[in-house]
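Residue numbers (the UniProt record's numbering), protein chains in the order written: chain A, 1 to 346; chain B, 1 to 346.
Each hint should be verified, as a subset may be incorrect.
For identical chains, the list gives no copy identity; a pair is met inside one copy or between any two copies.
[What the hints assert, rightly or not] Listed next, the in silico DSBU-like pairs over lysine-lysine satisfying Cα-Cα at most 30 Å (straight line):
id, residue 1, residue 2
1, Lys174, Lys122
2, Lys215, Lys85
3, Lys244, Lys151
4, Lys151, Lys61
5, Lys263, Lys215
6, Lys206, Lys61
7, Lys263, Lys211
8, Lys61, Lys263
9, Lys122, Lys318
10, Lys263, Lys244
11, Lys244, Lys174
12, Lys211, Lys61
13, Lys215, Lys61
14, Lys263, Lys206
15, Lys61, Lys21
It is worth saying that the hints were derived from the structure and are not from the lab.
Protein chains: 2
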Amino acid sequence: MTEPTVNHQFRLAARPMGMPKASDWNQTTEPVREPSDGEIVVRTIYLSLDPAMRGWMNEGKSYIRPVGIGEVMRAGGIGEVIASKSPRFAVGDVVSGAIGVQQYWIGAADNREAGLFKVDPKMAPLPKFLNALGMPGMTAYFGLLEVGMPKAGETVVVSGAAGAVGQTVGQVAKHRGCRVVGIAGGQDKCRFVVEELGFDACIDYKSGSVKDGLKAHCPDGVDVYFDNVGGDILDAVLTRINMKARIIICGAISQYNNTTPVKGPSNYLSLLVNRARMEGIVVFDYAARYPEAVAEMAKWMREGSFRSREDIVQGLDKFPEALNMLFEGKNFGKLVLQVAPEPATA
Amino acid sequence: MTEPTVNHQFRLAARPMGMPKASDWNQTTEPVREPSDGEIVVRTIYLSLDPAMRGWMNEGKSYIRPVGIGEVMRAGGIGEVIASKSPRFAVGDVVSGAIGVQQYWIGAADNREAGLFKVDPKMAPLPKFLNALGMPGMTAYFGLLEVGMPKAGETVVVSGAAGAVGQTVGQVAKHRGCRVVGIAGGQDKCRFVVEELGFDACIDYKSGSVKDGLKAHCPDGVDVYFDNVGGDILDAVLTRINMKARIIICGAISQYNNTTPVKGPSNYLSLLVNRARMEGIVVFDYAARYPEAVAEMAKWMREGSFRSREDIVQGLDKFPEALNMLFEGKNFGKLVLQVAPEPATA
Numbered sequence: 001m002t003e004p005t006v007n008h009q010f011r012l013a014a015r016p017m018g019m020p021k022a023s024d025w026n027q028t029t030e031p032v033r034e035p036s037d038g039e040i041v042v043r044t045i046y047l048s049l050d051p052a053m054r055g056w057m058n059e060g061k062s063y064i065r066p067v068g069i070g071e072v073m074r075a076g077g078i079g080e081v082i083a084s085k086s087p088r089f090a091v092g093d094v095v096s097g098a099i100g101v102q103q104y105w106i107g108a109a110d111n112r113e114a115g116l117f118k119v120d121p122k123m124a125p126l127p128k129f130l131n132a133l134g135m136p137g138m139t140a141y142f143g144l145l146e147v148g149m150p151k152a153g154e155t156v157v158v159s160g161a162a163g164a165v166g167q168t169v170g171q172v173a174k175h176r177g178c179r180v181v182g183i184a185g186g187q188d189k190c191r192f193v194v195e196e197l198g199f200d201a202c203i204d205y206k207s208g209s210v211k212d213g214l215k216a217h218c219p220d221g222v223d224v225y226f227d228n229v230g231g232d233i234l235d236a237v238l239t240r241i242n243m244k245a246r247i248i249i250c251g252a253i254s255q256y257n258n259t260t261p262v263k264g265p266s267n268y269l270s271l272l273v274n275r276a277r278m279e280g281i282v283v284f285d286y287a288a289r290y291p292e293a294v295a296e297m298a299k300w301m302r303e304g305s306f307r308s309r310e311d312i313v314q315g316l317d318k319f320p321e322a323l324n325m326l327f328e329g330k331n332f333g334k335l336v337l338q339v340a341p342e343p344a345t346a
Numbered sequence: 001m002t003e004p005t006v007n008h009q010f011r012l013a014a015r016p017m018g019m020p021k022a023s024d025w026n027q028t029t030e031p032v033r034e035p036s037d038g039e040i041v042v043r044t045i046y047l048s049l050d051p052a053m054r055g056w057m058n059e060g061k062s063y064i065r066p067v068g069i070g071e072v073m074r075a076g077g078i079g080e081v082i083a084s085k086s087p088r089f090a091v092g093d094v095v096s097g098a099i100g101v102q103q104y105w106i107g108a109a110d111n112r113e114a115g116l117f118k119v120d121p122k123m124a125p126l127p128k129f130l131n132a133l134g135m136p137g138m139t140a141y142f143g144l145l146e147v148g149m150p151k152a153g154e155t156v157v158v159s160g161a162a163g164a165v166g167q168t169v170g171q172v173a174k175h176r177g178c179r180v181v182g183i184a185g186g187q188d189k190c191r192f193v194v195e196e197l198g199f200d201a202c203i204d205y206k207s208g209s210v211k212d213g214l215k216a217h218c219p220d221g222v223d224v225y226f227d228n229v230g231g232d233i234l235d236a237v238l239t240r241i242n243m244k245a246r247i248i249i250c251g252a253i254s255q256y257n258n259t260t261p262v263k264g265p266s267n268y269l270s271l272l273v274n275r276a277r278m279e280g281i282v283v284f285d286y287a288a289r290y291p292e293a294v295a296e297m298a299k300w301m302r303e304g305s306f307r308s309r310e311d312i313v314q315g316l317d318k319f320p321e322a323l324n325m326l327f328e329g330k331n332f333g334k335l336v337l338q339v340a341p342e343p344a345t346a
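Isolated chain A (complex conformation):
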């Protein structure tokens, strides 16, 4: 290992009340040690900033254990193997996994929490492996197809339409022959999902009533709703669902920084009237099938019928502000933090 040996890290200092603030983080440095047998050292290139990270900062049972106070903040990312004492990875390999908000990840190559796997830099630009070809894309693909079960001709609505998950949900639904209506904040995002991604329409929740937008753009009602936001938007969609509609509960970004209790969907009895279903999705359940999703979407990308957009913020030190952009709706596309330059070979 020939690189300098200081590892800058962001550790969770306190469990946030509401929106995370500067004092909820500790910036620490530690030396990068040599790997032991079976271990590797990964230099972080890109980190994925995701709404789910807010949940990991809370105490309590969830689908994954909370990040402990004093621990390096969990984050998915892409990095380059710069030292290896494991046959699984060679120096120069590009890997993806939960490498954390730090410049270097050091540990056993088969560490389960990190879940490292090689990515092929020739297949797509590296940030795509944190977007459509990464967790957000897998979440979108399997949530839509396995839980939403859209049929050609049905109307699919997705909130957070310009975000990491929403982009892919809408484009996969278009590829399956559905009418697709996005919900996003602001005219720029709405224009993007319609003009660049090919959605049929997009409702700007900041400039008008979502309910009126749904009436206008979903004249035949809503068959599948992929919910990333919860709150009032979920309630508005519930008033427009069709018989036997499927609602995929993927997230509730509108509620993650609440200091009051989560707003449950007041209109949930629409499920009864319409014999409809609301079902949660956690992407890890589909891990064995990621390759089939990656293959299909990478093919669409090569054919030019699938796009994805990243919003890349530069510098590890920007992590706290960058994370909060998600909750303020300030990112436009999948939010990625670039920690180091891409290797020349990638």
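Given the coordinates of chain A, assemble chain B onto it according to the supplied hints.
Structure of chain B alone, referenced to chain A:
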């Protein structure tokens, strides 16, 4: 037709705000006319009083059209055909259908909204046809089995456990080899569902925390929850569901008389964490399969392994108070209004 010819009726006078009150009803009388060709006259014997009736009194789109102001209140019931100009029914037949809150129903034998069909008084006592062998039983049977899909060994929880639907849900689940825990209001109801109906346990929501009760009685978590009540009890159960749990949304009696918006389930993100599902059921969807449910439950009744309890209030004039008993949790078992004596032959 040899009977006296005055038909006492309850008509909807106003759409209630909150709990229905006396002034929301008009008592009217009209002569019972002779049936025309294709028509029959049915003398009401029993009327079914159901939580769903509260919803029918509201304006707005639902799974069934609202009762109009000035119309006879809709109600399911059992009656005897006392005059017939239709080949479908003969005088003396006992029929079930939406005959309304009145002493006599007069109309076309094949009237779709009434949906009249013959019942066999030899199969079971007549009130059973408004309970386990009627709409509540069909709702319970198909909601549990088709939406809940319980497997032997799983834990099934049902609210409103001593009510019309709850009684049957729990007993069908026991017949399918599940652990069954009821939630009901009061020690008498709890004792009844455990001692008489064979539930494994029952939580009295009036005397303690539902959450603590679930911890105590569902040590392996909740796989299926059949919800008749909504509100805080739904939220409590959501904290105890297992991975891939199924929640059947059948009703929300705690919310029907709200003058404020319905309380949505604050803990609905438990669906996400647990990859669980919440799905509505409307019994009419299973109409073609009622006979299979009736046959199975009637067989259990004959074998002595299935019971049901009715709470029978006497007299059509008691209708307004009797209906409100439902919302005050005052009925104990399926609430039935007896309007006329059973025919001697039944």
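Numbers of unmet hints, in rising order: 2
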